[in-house]
Amino acid sequence: MLMKNRFKKSLHDLIRGIRGCKDPEATDKYIRDAMSECRQEVLSQDMDIKSMAVLKLAYLQMLGYDMTWASFNVLEVMSSPKFAHKRVGYLAAMQSFGVDTDVLMLATNMLKKDLASSNHLDVAMAISGLSNIVSPSLARDLAEDLIKMMNHSKPYVRKKAVMVMYKIFLQFPEALRTSFPRLREKLEDPEISVVSATVNVICELAKKHPKNYLPLAPQLFNILTTSSNNWMLIKIIKLFASLAPIEPRLKAKIIPPITNIIQTTTAMSLLYECINCIVSGGMLSKDDEQLATMCVGKLRIFFEETDQNLKFVGLLAYNKIVLTHPLLVAQNADVIMDCMDDPDLSIRERAVELVVYLVNTDTLFEVVKRLMLQLIPQSRDQVLPEHYRTEVVRRILDMCSNNTYANVTNFEWYIAVLVDLIKITEGVKDIGAEIGMELQNVAVRVRSVRDYAVGASARMVTDKDIMIKNPGVLKYAGWIIGEYAIYLDNPEFILDTIVNIEPQTLSDDIKAVYIHAIPKIYCQYAGNDRIPWTHSRAQEILQLTENIVTYLEKYSTSMDIEVQERSVEFLEMFRLIALAIKERPADDSDLTPPALVSQAMPSMFNFWELNPVSAKAQKRIPIPEGLDLDEEFNVPVVYSESEDEEEALLREQIMKQQELNSSKNVNTASPSVIVKAKSKSKSSREAAPSESEDEEDMERRRQERRRRQAEDPYYILESDKVASKSRKPRRDSSSSESSGPEDPMKNEKLDIDSIPIMKLEIASIAAPVTKKKSKRHRTQPAHVEIAKEETFGDENGTIVDPDEIAQRRSSARAAPHRAKNILRVDARGLENYDLDSADEDEADRQEVEKFKAEILEARKKAAKAAEEEVKATHIVVKKKKKKAKVVKRVKKSNEKIDDKASQKAAEEDNEKNDDKAEDKVDDKVEDKVEEKIDGKEE
Amino acid sequence: MAVQYIILLSRQGKVRLAKWFLTLSLKEKSKIVKDVSTLVLGRRTKMCNFLEYKESKVVYRRYASLFFIAGIDSSDNELITLETIHRYVEQMDRYYGNVCELDIIFNFQKAYYILDELLLAGELQESSKRDVLRRISQQDALEEAEGDEEKFSRLGI
Numbered sequence: 001m002l003m004k005n006r007f008k009k010s011l012h013d014l015i016r017g018i019r020g021c022k023d024p025e026a027t028d029k030y031i032r033d034a035m036s037e038c039r040q041e042v043l044s045q046d047m048d049i050k051s052m053a054v055l056k057l058a059y060l061q062m063l064g065y066d067m068t069w070a071s072f073n074v075l076e077v078m079s080s081p082k083f084a085h086k087r088v089g090y091l092a093a094m095q096s097f098g099v100d101t102d103v104l105m106l107a108t109n110m111l112k113k114d115l116a117s118s119n120h121l122d123v124a125m126a127i128s129g130l131s132n133i134v135s136p137s138l139a140r141d142l143a144e145d146l147i148k149m150m151n152h153s154k155p156y157v158r159k160k161a162v163m164v165m166y167k168i169f170l171q172f173p174e175a176l177r178t179s180f181p182r183l184r185e186k187l188e189d190p191e192i193s194v195v196s197a198t199v200n201v202i203c204e205l206a207k208k209h210p211k212n213y214l215p216l217a218p219q220l221f222n223i224l225t226t227s228s229n230n231w232m233l234i235k236i237i238k239l240f241a242s243l244a245p246i247e248p249r250l251k252a253k254i255i256p257p258i259t260n261i262i263q264t265t266t267a268m269s270l271l272y273e274c275i276n277c278i279v280s281g282g283m284l285s286k287d288d289e290q291l292a293t294m295c296v297g298k299l300r301i302f303f304e305e306t307d308q309n310l311k312f313v314g315l316l317a318y319n320k321i322v323l324t325h326p327l328l329v330a331q332n333a334d335v336i337m338d339c340m341d342d343p344d345l346s347i348r349e350r351a352v353e354l355v356v357y358l359v360n361t362d363t364l365f366e367v368v369k370r371l372m373l374q375l376i377p378q379s380r381d382q383v384l385p386e387h388y389r390t391e392v393v394r395r396i397l398d399m400c401s402n403n404t405y406a407n408v409t410n411f412e413w414y415i416a417v418l419v420d421l422i423k424i425t426e427g428v429k430d431i432g433a434e435i436g437m438e439l440q441n442v443a444v445r446v447r448s449v450r451d452y453a454v455g456a457s458a459r460m461v462t463d464k465d466i467m468i469k470n471p472g473v474l475k476y477a478g479w480i481i482g483e484y485a486i487y488l489d490n491p492e493f494i495l496d497t498i499v500n501i502e503p504q505t506l507s508d509d510i511k512a513v514y515i516h517a518i519p520k521i522y523c524q525y526a527g528n529d530r531i532p533w534t535h536s537r538a539q540e541i542l543q544l545t546e547n548i549v550t551y552l553e554k555y556s557t558s559m560d561i562e563v564q565e566r567s568v569e570f571l572e573m574f575r576l577i578a579l580a581i582k583e584r585p586a587d588d589s590d591l592t593p594p595a596l597v598s599q600a601m602p603s604m605f606n607f608w609e610l611n612p613v614s615a616k617a618q619k620r621i622p623i624p625e626g627l628d629l630d631e632e633f634n635v636p637v638v639y640s641e642s643e644d645e646e647e648a649l650l651r652e653q654i655m656k657q658q659e660l661n662s663s664k665n666v667n668t669a670s671p672s673v674i675v676k677a678k679s680k681s682k683s684s685r686e687a688a689p690s691e692s693e694d695e696e697d698m699e700r701r702r703q704e705r706r707r708r709q710a711e712d713p714y715y716i717l718e719s720d721k722v723a724s725k726s727r728k729p730r731r732d733s734s735s736s737e738s739s740g741p742e743d744p745m746k747n748e749k750l751d752i753d754s755i756p757i758m759k760l761e762i763a764s765i766a767a768p769v770t771k772k773k774s775k776r777h778r779t780q781p782a783h784v785e786i787a788k789e790e791t792f793g794d795e796n797g798t799i800v801d802p803d804e805i806a807q808r809r810s811s812a813r814a815a816p817h818r819a820k821n822i823l824r825v826d827a828r829g830l831e832n833y834d835l836d837s838a839d840e841d842e843a844d845r846q847e848v849e850k851f852k853a854e855i856l857e858a859r860k861k862a863a864k865a866a867e868e869e870v871k872a873t874h875i876v877v878k879k880k881k882k883k884a885k886v887v888k889r890v891k892k893s894n895e896k897i898d899d900k901a902s903q904k905a906a907e908e909d910n911e912k913n914d915d916k917a918e919d920k921v922d923d924k925v926e927d928k929v930e931e932k933i934d935g936k937e938e
Numbered sequence: 001m002a003v004q005y006i007i008l009l010s011r012q013g014k015v016r017l018a019k020w021f022l023t024l025s026l027k028e029k030s031k032i033v034k035d036v037s038t039l040v041l042g043r044r045t046k047m048c049n050f051l052e053y054k055e056s057k058v059v060y061r062r063y064a065s066l067f068f069i070a071g072i073d074s075s076d077n078e079l080i081t082l083e084t085i086h087r088y089v090e091q092m093d094r095y096y097g098n099v100c101e102l103d104i105i106f107n108f109q110k111a112y113y114i115l116d117e118l119l120l121a122g123e124l125q126e127s128s129k130r131d132v133l134r135r136i137s138q139q140d141a142l143e144e145a146e147g148d149e150e151k152f153s154r155l156g157i
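Protein sequences appear in the order of chains H and F.
Under the numbering used here, the first residue of the first sequence carries the number 1, and numbering increases by one thereafter.
Under the numbering used here, the first residue of the second sequence carries the number 1, and numbering increases by one thereafter.
Each hint should be verified, as a subset may be incorrect.
[Claimed, not checked] Below, a list of computed lysine-lysine pairs in the BS3-like style, where the Cα atoms sit at most 27 Å apart: (1) K788/H / K616/H; (2) K320/H / K54/F; (3) K850/H / K211/H; (4) K151/F / K22/H; (5) K14/F / K9/H; (6) K8/H / K82/H; (7) K113/H / K154/H; (8) K9/H / K113/H.
It should be emphasised that the hints constitute simulated quantities derived from the structure, not laboratory data.
Just chain F, same shape as in the assembly (with noise of 0.2 Å):
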């Protein structure tokens, strides 16, 4: 499996998006979240953004105060899960337009959504940028459509 789980943490190591490609209890996320945590955080500037963590490699990126942590398997390629972290970044850019922290804390559910078009059992599913967006908004329009409907019918039109 490419991606095994994505962690946004903040500076502070506040976690603002975890998802999870493989099933584990909470408890063992919250060890592994933990760990990694720590093990980012310490890193510097000027330092590879690979790190190895119980026999499996963490590939990081640090976007502003957003660290974006990929755990991956050792014989995964360490380069290309750089590019998918980068792609992930941009795509978040251009929904949110000059995307902050905030926004990812905010609408913590529209980061969700936009990873799960990107990437499906830890695989890169869609190549394509422009793919992903287009399907996100395929997914508002309809749910803000299904709104409009029933605002009308509770207005009895």
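Okay, chain H solo, but in the shape it has when bound (with noise of 0.2 Å):
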């Protein structure tokens, strides 16, 4: 009755008085007095009435209320001698400190006063209270006495030293040195609880740098094989699963009691843990062909209980192994099939993860349905959410294009599939593009299926729906009517639908593609030279041009400026296209149709045949011989006075051109993978022929001009701005253009086209790379033909990555713009930390001073055999190489060396200290682990 007066509200009445509220508003408004309460109470003198304060603090910050403010008087309830206001303060400071409280300046010396308390709680409440707030100073400061109470006499307090001491490395790692011989000690101890904790802190700590904790395998091997501690167990498994990828010889030694668990153990945690540290610590290698099938027939039984859960973890579990073991994996095929309608999304997305790895040319079929009948709502109210029916259209896309269409036996089937999944994830984010991309890959890799993409193709433009609800397939769908024209049953139409299109429906990047599609299809239509050049069919295709070019003239103000330049570019050419027919005689007496419809303009497109190529290809090309790519061939151009007019025209023209230019070498990288292997310059832009006289006047002038630049101070800066804008396309585009340096007159030509993007003449320059011309092509059962990727590189060297459609594919998905993880704890401390000071006993010294002499011979060796190489001036590739790393080796040893023996200098009087550190040499230490292990077996 006492304690109740003395403060208004009890935390009782706080939390009833929260609860009796009726409203939101009215809620947020109890609390906000509460909270003024509180300002007064924290204030008081009375101890009682603090703490309680603070206690209702603590309660309302967990409902989201800030109570910051209020860390000093956090602080002060700490401090507090009685145990019920300790706990309260220590409370109350986990939930609400962080490691930039400032306060936490001043409770040094308060929990150094706690650490060092007679009563064990104490002692133990201000361990559990600093792993919440511990900051770098406070694990400085406190590290010693931690370090000290790791060795309490009661094991309550020892685990609790033991576990901090992770927090502490977080955020000190240097404390990791001078504790780890204890630390080490730890893992003896005769109590379980602390021999866990240290078994944890090891376990985390070796995520971060497995080799420091090398030394340990031997201990950490005992306690695998002799407690029954199935939460310790699973701790021991996981270190190990981070230490076996640095020491392959551990495998041998742990899969043995680790097959032993697998197969005794009731407990799902820890046969899974077993199996998930076989797969995740890299021991399952292509020839473990036994304990794969141990690891897939146990993770079988998960699938035949009931539990979701062991479901769940089965399917990741398979999913790990079916890298190495798909066929393994894939004797189970019908249980994981089961999952892929599970009613729990999460499972389903496992599977049909898995799935994609599973099929083959039989089951292709069936699993696409089943598949493409999720994605169908089968009601209003039960749309799937869109992420898991993107997820389904990915695993369907990859299902099929795996290795090269290998489980595709009819395409006119994928194309139809391809369709259909446009129509059913209309809405969908995305994803239409994806899809888009495959019907681009699969219509010109697959020749016999070209017109049906053309079909569905065409349909697809001329929707409107897609146009609305999909429309991120049409920028391939655009591409492959227009690269494709010939198929077109209905060019006319097709085209009539384009130009119709209202402006503000389609997005730039399509329009882009439209602009560019459109001559082609024109070419198609009015070029066909087998139909007779009537009058009719002249005023006919007249109007469609006249149409061509109010459609073009809309968008060469375009702001887009890929729009803008192909439209601008094609303008012109429809209204010279016009002026053609124009002058034509009005009667029939003339029935071919126009040179410039009929064979200029086909000749742009038609010269040759795109095929697909290697995204590799343009890093194989190697740099011909002379060529210095970072100099520059566009020399900078001046503002000079005493230019004539002509000249600064000229200089205005290069200008824009290179902007356009630059803008057209990253655009064009973009939209497709395919590149178009295009020698021939356009005719529109070729205003004048070029005369060989003319380039050697240009020449000569440029000379002459770079001669005043050097002598004249003022052209310094204007030089500087644009040689740097020379410089600034992307390096590959400069490679691509690299056939041109010996055409220096290219810019002021204005005929950027007429560099050959493909066609480099490799051969002639680097004798041993020849240009594979040859289309490889690779049978299919139903034999269709899959063209493969064109590269450059000899005959191995050719052999295209098969994941590389996918890898591309996922390249183009839009990356998921993911914040930064606020999850992932900030452990950057230690994951560099060189654990320099084991400690290792006398015999351990030795073996360093024996591996020093070693490193000394070695190093004679080696520089006999560099007196050697110096000789010899023929040497076999082979050995060089060999010599290469013994060199590498000893001189990495040395490096070593020298940084000890500069360390021993600086702190002689640590020379002990400095000795134990000297066993850091790899190799000893894994040999020691070795030897360690062996005895401990025996």
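Got two chains here, separate frames each, mind docking them using the hints?
The structure is reproduced here in structure tokens:
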């Protein structure tokens, strides 16, 4: 009673009050009132009132109300001598303090006092509290105290002290060096909870930098084989999964005990951890058939239970194993396929992910059908979430395109699937483009179904629904109908539809593709010389041409540079065509179409067949000898008063063209992977035929100008500016122009398109490399020819990465914008922290001495070898490599020793420590591990 | 780190306990609580107890009207986390005696104390069931003794 009267509300009253509020506003008001009461109460001199206020604040903090303003009062309550207050204080601190809470600076001494308390409950509480509020400075100041606590008489305190060390290490990695010997001792602690705590800490540490903890392997191995505490075993196994990848010999040691656990344990969590360890510890290589069979077999049990959780983790494990042992996992295809229709979407997603690896030519059809059925909404309210639908579509595309369409036997079917996917994914963001890319890929690679693809694309382009709900695909459909216009049944209808689309319906990137497709389709239609050029046809085509001109005029002022450039480019051409048609006699005396329509224009597009080009092809092109990519070939243009008007005009044009050029270079690479092997120059661009005298003349003038520049200080600024601009284009774009260095006038001529993009005459420059021109075909079971990607390189080098398509598609997928993951613990300090101070005894030191001698010897040898190398001018490449390795290794060890030596000089008084540090030589440590494990086993 | 946070959530989406083993700002915490609540409350029975959230995993289990939610690293063992949650529920059950939501609401600090004895820095610190409760009762006894002492001193004894 006495207590209750001293403050307005107890915690009980507060909670009841909040629960009594009817609506959110009332609650908010009530809490605000309570808050201001607390503001008064925390200032009270009475510790009971103060601590109750802090407790109330902690409750409100949980509901999302700030209490950082009361940090100092929390600290006051923490430092109360009464345990009840302290408990509340620490609770509030753990809930509300952060690393940057400024009162933490005042907390050091209080924490030191509590850690030194005679009451072990105080000590334990301080440690628990510290685990949540430790800052770098607290960690530095308290590390010593905590290391002492690791030897406390009570196991209760010991285990807490050990566990909090991880938090200390995160903030203050240096503590690792001083505490490591003791941490190691704790692995032998008589109390199991302390050992378990130590394993926990080392497990976390090893995730960051496993190498430091390899020397502990024998002790850990001992625990693995003797302990029966599942909690700890799971951690130990996890720990070995971190160590195994850096010490391959560990695998042979730990596989038997782990196998034993797998065979005997009844705890699913432990079984799962064991399998996970084998898989993620990299212990399952392709030839570990027996081990893999056991894991896969054991995992099947997970699916026979009704527990959904086991199914989920089972699928996760299968997803990892399938990478190395697809055939074994495929034996369980039945249970996995069942999961594809599980009511739980997370299970479904995992199953679908897995099925991609399991389909073959026989099952593909069935699996795709099942997945497509899922995508069709059963009823209005049963629509699956968008991310799941996206996921399913991607998986369908993956499983079909896998390994260059190895599983697809019927491409008509595949195109039908793609068309259906477009229909059923209406409204799903971004997925249209992925499906479109697939359609494009099939159209390019599989000649036999090209007409189907074109038909499908034509229907899409004219479909108003798709324009609104799934426009992503149109970029690719537009490209297909343009490139393969020859297959179009009704080109004039398509052209008519395109030019009549309202400008605001489509985005700029689609418009750009359409504008490029228009002339291609136009050639197909108007340039058809088998149809007699009658007067009526001429009128018809004239009308169409004029429509196109109007259409292009609309976009010739577009803000989008790509749209603008392309429309301006073709606009002039269509104007010329319109003129040419008008000039023809108005009767039927000449039945051949104008040459501009029937010959000039088609020749722009129909010169070369397009083939898929490997994305890596560009990289494989060797840089021709004598070509310096950093060398400027585009001489900076300067503003000069003495320049005549003509030159000034020219300069302006160049500048403009450079801008267009660079933007074009960037853009042409992005919309499709296919690079056209175009060596044809555009006639419209070539304003005047270039003459060699002209070129020489200009070259001379440029030389003069350069000389002038060099002397005149006023030009420096301007030339710098222009020069930096000319250097701007990306490296690969400059290399794509690499055939043109002999032609420095290209910019002056404004003839960018005459630069061959693909057709590099490499063979003549670099003799050993020959371009593989012949297409490599792969015969499918159904005799479908799928064009392989073209690339450069020798026979071995042309192997196309089977995952390349998938990779490319995934790169096309809009990467979801991910903010920095706040849930990830920042452990950068530990990741690079090399533990130099492992505690080693005399014997180890001797070993180090011995190794040092070895290194010295190796160093001599290497010096000798180097001498020989100088003598022998003809060296077999293989040998050279070996020697280089030796030299490198010796160099490395030399550096290490030098490091050590300088360290020694610096800390002579600390000699003993330093000697200990010497054993950090990798090979030796590994050897020791091996020996010790051997010893343990015996 | 094994467990990143533990949240107790009522079926109505009210937070009954929120313990963070990593330091985040109030804003970040609220965001996570909000996101995870929506995810978990949207689950139906017969679905598995694991979720993915921002490159981490969420393990949850419903006990009566309360959801117990734990956030773990993507490399951690989901099944053992489920057992940790169960262990926590068991301990509370013993401590409060047939625990119900109201016990936790009105004695929220006790729920935190139990959790602090079970987990430290996100790791399970005690696998013995008895030990955890023994520590709590020791602490409670100490608190009580202090209270008695104070009463006596106030009475002038």
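Ascending list of hint numbers which this structure does not respect: Numbers 4, 8, in rising order.
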